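Chain residues, written in single-letter form:
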Amino acid sequence: MNTDYLDPINSLNMPEMADMTFAMDFLIRAKEGVRNLSIALTETASPDVRALLRHHLMQGIALHQEITELMIRKKWFHPYELNEQYQLDQLSAKNTVMIGQMNLFPDDTSRKGMFDRTPDEHMGGHNA
Amino acid sequence: MNTPTLAPHESMELHEALNFKTLCLAKSKLMQGLVFDQELKALMQKDVILSTQQIAELQAFYARAPFQAPVPNSPTPITQ
Numbered sequence: 001m002n003t004d005y006l007d008p009i010n011s012l013n014m015p016e017m018a019d020m021t022f023a024m025d026f027l028i029r030a031k032e033g034v035r036n037l038s039i040a041l042t043e044t045a046s047p048d049v050r051a052l053l054r055h056h057l058m059q060g061i062a063l064h065q066e067i068t069e070l071m072i073r074k075k076w077f078h079p080y081e082l083n084e085q086y087q088l089d090q091l092s093a094k095n096t097v098m099i100g101q102m103n104l105f106p107d108d109t110s111r112k113g114m115f116d117r118t119p120d121e122h123m124g125g126h127n128a
Numbered sequence: 001m002n003t004p005t006l007a008p009h010e011s012m013e014l015h016e017a018l019n020f021k022t023l024c025l026a027k028s029k030l031m032q033g034l035v036f037d038q039e040l041k042a043l044m045q046k047d048v049i050l051s052t053q054q055i056a057e058l059q060a061f062y063a064r065a066p067f068q069a070p071v072p073n074s075p076t077p078i079t080q
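Protein chains in written order, with UniProt numbering: chain A, 1 to 128; chain B, 1 to 80.
FYI, nobody ran anything at the bench for these hints, they're computed from the structure. These numbers come from a predicted model, not from an experiment. None of the hints are false.
Not the full set, but computed from the structure, chain B residues with beta-carbon under 8 Å of chain A:
{"#": "1", "residue": "Glu-13"}
{"#": "2", "residue": "Phe-20"}
{"#": "3", "residue": "Leu-40"}
Which residues of chain B face chain A? A partial, calculated answer using Cβ under 8 Å:
{"#": "4", "residue": "Ala-7"}
{"#": "5", "residue": "His-9"}
{"#": "6", "residue": "Glu-10"}
{"#": "7", "residue": "Leu-34"}
{"#": "8", "residue": "Phe-36"}
{"#": "9", "residue": "Asp-37"}
{"#": "10", "residue": "Met-44"}
{"#": "11", "residue": "Asp-47"}
{"#": "12", "residue": "Glu-57"}
{"#": "13", "residue": "Phe-61"}
We put the beta carbon where it would ideally sit given N, CA and C, even for glycine.
Model the full structure from these sequences, guided by the hints.
What follows is the structure, given as structure tokens:
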């Protein structure tokens, strides 16, 4: 497994793979929003709250459809060609596990020096 | 009063819906700086506009929660 993030082989098809990941996150968020709102609707009683949640649910369903259609058109999502989808699933899992094993941020990432005060100063900064 | 206080369980649903929307807005906004595909970016921007509007609507209803309190002007240090 390749753990060298400077290896140029990693930039092969990188934009497409990155976009596919971002689109998948976007799709899952839209889907989760629809599910959350459906559940919320069955827990509410006030008519005006129900009307609002219902309205947001309809907007969420419409957005989910738009993302799905875009992803199908871009060939990032294959709901009808399950062999294709299986290959994509396995490849993105494999690639992401590989990225997970790279040491991408070896230095101190606190960046606290860039700010005039630290939000957790009262707790002893990064030692909190 | 024409805007009655919400029940606790309704308030909790609004709390969850509002926080979920807020996180989605942050993600759709930040990820626009990372995507390569301009159509995907445009759809994320659409989500930013829609989410901003939905957040405002949720906030208006959440103000009727039984535990509502005056919101201080930002930025407020998160202390205690």
